[in-house]
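From just these sequences and the hints, can you work out the full model?
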Amino acid sequence: MAPINDVPTNTLIVKYNGIFDFDEMYHVLQNWIKDQGFWFEERTYKAKVPSAAGAEHDIIWDGWRKVTPYVKYWIYVKWKLWDLKELEVVKDGKKKKLYKSRVRLVIHGKVELDWTKRFGGSKFAQALAEFYNKFIVKKNLENVWWDECYYRIFKFHALAKEMFDMQAKDNAYYDVW
Amino acid sequence: MAAKGGSKHKYTDRIYIEAAQMRVKNRDFFHLKNLYITLHEWLCEEGWIPENGKDINFPEIYYLHRDHPKTGTEVWLFWRPEKEINSYYKYRLDIDWHCILIREAEVMHEGQKFKTNWGEVEIKIWAREELDYSWTWRNHWFLKHIHDLFRRRIFKTSTEVHKLELYREAYRFHEAIKTYLKLKTYLPEPELQEFFPQLGLGTPK
Chain D
435 MAPINDVPTN
445 TLIVKYNGIF
455 DFDEMYHVLQ
465 NWIKDQGFWF
475 EERTYKAKVP
485 SAAGAEHDII
495 WDGWRKVTPY
505 VKYWIYVKWK
515 LWDLKELEVV
525 KDGKKKKLYK
535 SRVRLVIHGK
545 VELDWTKRFG
555 GSKFAQALAE
565 FYNKFIVKKN
575 LENVWWDECY
585 YRIFKFHALA
595 KEMFDMQAKD
605 NAYYDVW
Chain V
778 MAAKGGSKHK
788 YTDRIYIEAA
798 QMRVKNRDFF
808 HLKNLYITLH
818 EWLCEEGWIP
828 ENGKDINFPE
838 IYYLHRDHPK
848 TGTEVWLFWR
858 PEKEINSYYK
868 YRLDIDWHCI
878 LIREAEVMHE
888 GQKFKTNWGE
898 VEIKIWAREE
908 LDYSWTWRNH
918 WFLKHIHDLF
928 RRRIFKTSTE
938 VHKLELYREA
948 YRFHEAIKTY
958 LKLKTYLPEP
968 ELQEFFPQLG
978 LGTPK
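Residue numbers (the working numbering), protein chains in the order written: chain D, 435 to 611; chain V, 778 to 982.
Derived by calculation from the structure, the hints in this document are not laboratory data.
Treat the hints with caution; some may be incorrect.
Stated by the list, open to error - In the BS3-like style, the derived pairs of lysine-lysine whose C-alpha atoms are separated by at most 27 Å in a straight line are:
#, chain 1, residue 1, chain 2, residue 2
1, D, K512, V, K940
2, V, K961, D, K528
3, D, K482, V, K810
4, D, K514, D, K544
5, V, K787, V, K933
6, D, K500, D, K512
7, V, K959, D, K482
8, D, K529, V, K959
9, D, K449, D, K531
10, V, K961, D, K525
11, D, K468, V, K847
12, V, K959, D, K534
13, D, K589, D, K468
14, D, K568, D, K544
15, D, K512, D, K589
16, D, K514, D, K531
17, D, K514, V, K901
18, D, K528, V, K959
19, D, K514, D, K482
20, D, K480, V, K847
21, V, K787, D, K482
22, D, K531, V, K890
23, D, K449, V, K802
24, D, K568, D, K500
25, V, K810, D, K595
26, D, K530, D, K603
27, D, K514, D, K530
28, D, K519, D, K449
29, D, K449, D, K544
30, D, K514, V, K959
31, D, K595, D, K528
32, D, K589, V, K961
33, D, K534, V, K961
34, D, K449, D, K500
35, V, K961, D, K512
36, D, K595, D, K534
37, V, K961, V, K921
38, D, K544, D, K528
This structure is a prediction, so every number in the text was calculated from the model and none was measured.
Structure representation (structure tokens):
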């Protein structure tokens with residue numbers, strides 16, 4: 435039986451329908467991923483204008499970060515925007531370009547173990563890897579690595595809610611990791 | 778291992794590291810010919826085309842054009858530009874275009890009519906860094922025995938540096954595509970610098 439090398443985190447979803455600053459949000463969120471030390475990749479950007487109701491955009495981001503020679507954190511972000519329309523509003527006497535849309539952000543991550551493939555491919559090495567993951571590093575995995583990966587992703591989730599100016603934007607775990 | 782008959786995938790037996798992989802898909806009004814020219818010029822200016830960007834050397838290895846009266850034009854394009862960094866490293870960009878439902882259209886832009894196209898374009902990009910592309914090490918009677926050691930340990934830092942450089946170049950190309958198609962971009966320095974008009978709509982009189 436192959437050892438478990440990928441430990442996924444919980445999936446977090448943000449859904450929003452209203453007016454927001456898409457330009458700023460796009461920059462802030464991707465800068466956050468880079469500032470946290472992740473290698474950022476925008477895997478897909480799809481856009482279409484199916485009707486007069488507005489445009490539809492699909493964006494997929496992923497990022498990874500080497501923590502130790504054995505552990506890597508991954509973050510995956512999927513944007514889906516429907517009925518995206520540009521608006522001009524006057525704020526504090528200045529014209530500003532905002533967007534009205536229905537947005538769904540799906541955020542999840544994983545902890546990748548043995549990303550350097552130290553345990554090789556033989557059955558014996560795989561069995562050793564399984565023993566190592568289940569017994570030797572189990573506490574570290576549960577209390578440190580998975581925990582850190584998940585709470586960092588939770589901060590990203592909180593930042594997204596803050597950008598949407600949602601009422602539940604406060605992050606109760608702002609000081610965790 | 779080569780298949781029977783001698784044909785094999787072009788990356789068989791090659792040592793490469795994937796630096797970036799991305800795709801852009803857009804279904805809207807845009808000028809297809811100008812998009813082609815824009816990206817062609819970008820590759821020439823950034824040194825991806827040998828011999829000063831002469832068209833005869835442009836690495837367009839496949840072009841398919843299919844016209845259908847009901848569904849419009851379909852275009853497939855494969856570009857394979859390469860950049861030799863030194864005798865050991867080479868950058869490769871695999872760019873695949875697929876355009877469907879392309880039809881001619883006219884749009885009003887700042888009070889003027891422009892001829893353009895409507896359809897869907899999908900551009901997929903793979904950026905790979907190839908090591909020992911000329912087989913200098915692997916064919917040498919002595920170096921071939923120490924190549925693995927050098928590749929994994931001694932050249933590791935420079936491999937990572939080159940991988941990052943290729944990643945940056947690939948994302949700048951990606952940014953150029955998105956700037957042209959008027960999609961959201963995020964790099965601090967914009968590509969194309971508005972030299973090529975967005976969506977192919979020319980400068981109004």
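Quick rundown of the hints versus the structure:
| no. | hint | verdict |
| --- | --- | --- |
| 1 | D/K512 with V/K940 | holds (25 Å) |
| 2 | V/K961 with D/K528 | holds (22 Å) |
| 3 | D/K482 with V/K810 | holds (19 Å) |
| 4 | D/K514 with D/K544 | holds (21 Å) |
| 5 | V/K787 with V/K933 | holds (24 Å) |
| 6 | D/K500 with D/K512 | holds (22 Å) |
| 7 | V/K959 with D/K482 | holds (12 Å) |
| 8 | D/K529 with V/K959 | holds (20 Å) |
| 9 | D/K449 with D/K531 | holds (21 Å) |
| 10 | V/K961 with D/K525 | holds (22 Å) |
| 11 | D/K468 with V/K847 | violated (46 Å) |
| 12 | V/K959 with D/K534 | holds (17 Å) |
| 13 | D/K589 with D/K468 | holds (14 Å) |
| 14 | D/K568 with D/K544 | holds (17 Å) |
| 15 | D/K512 with D/K589 | holds (16 Å) |
| 16 | D/K514 with D/K531 | holds (20 Å) |
| 17 | D/K514 with V/K901 | holds (20 Å) |
| 18 | D/K528 with V/K959 | holds (24 Å) |
| 19 | D/K514 with D/K482 | holds (12 Å) |
| 20 | D/K480 with V/K847 | holds (24 Å) |
| 21 | V/K787 with D/K482 | violated (34 Å) |
| 22 | D/K531 with V/K890 | holds (25 Å) |
| 23 | D/K449 with V/K802 | holds (23 Å) |
| 24 | D/K568 with D/K500 | holds (21 Å) |
| 25 | V/K810 with D/K595 | violated (41 Å) |
| 26 | D/K530 with D/K603 | holds (23 Å) |
| 27 | D/K514 with D/K530 | holds (23 Å) |
| 28 | D/K519 with D/K449 | holds (17 Å) |
| 29 | D/K449 with D/K544 | holds (22 Å) |
| 30 | D/K514 with V/K959 | holds (18 Å) |
| 31 | D/K595 with D/K528 | holds (25 Å) |
| 32 | D/K589 with V/K961 | holds (23 Å) |
| 33 | D/K534 with V/K961 | holds (15 Å) |
| 34 | D/K449 with D/K500 | violated (30 Å) |
| 35 | V/K961 with D/K512 | holds (15 Å) |
| 36 | D/K595 with D/K534 | holds (16 Å) |
| 37 | V/K961 with V/K921 | violated (47 Å) |
| 38 | D/K544 with D/K528 | violated (43 Å) |
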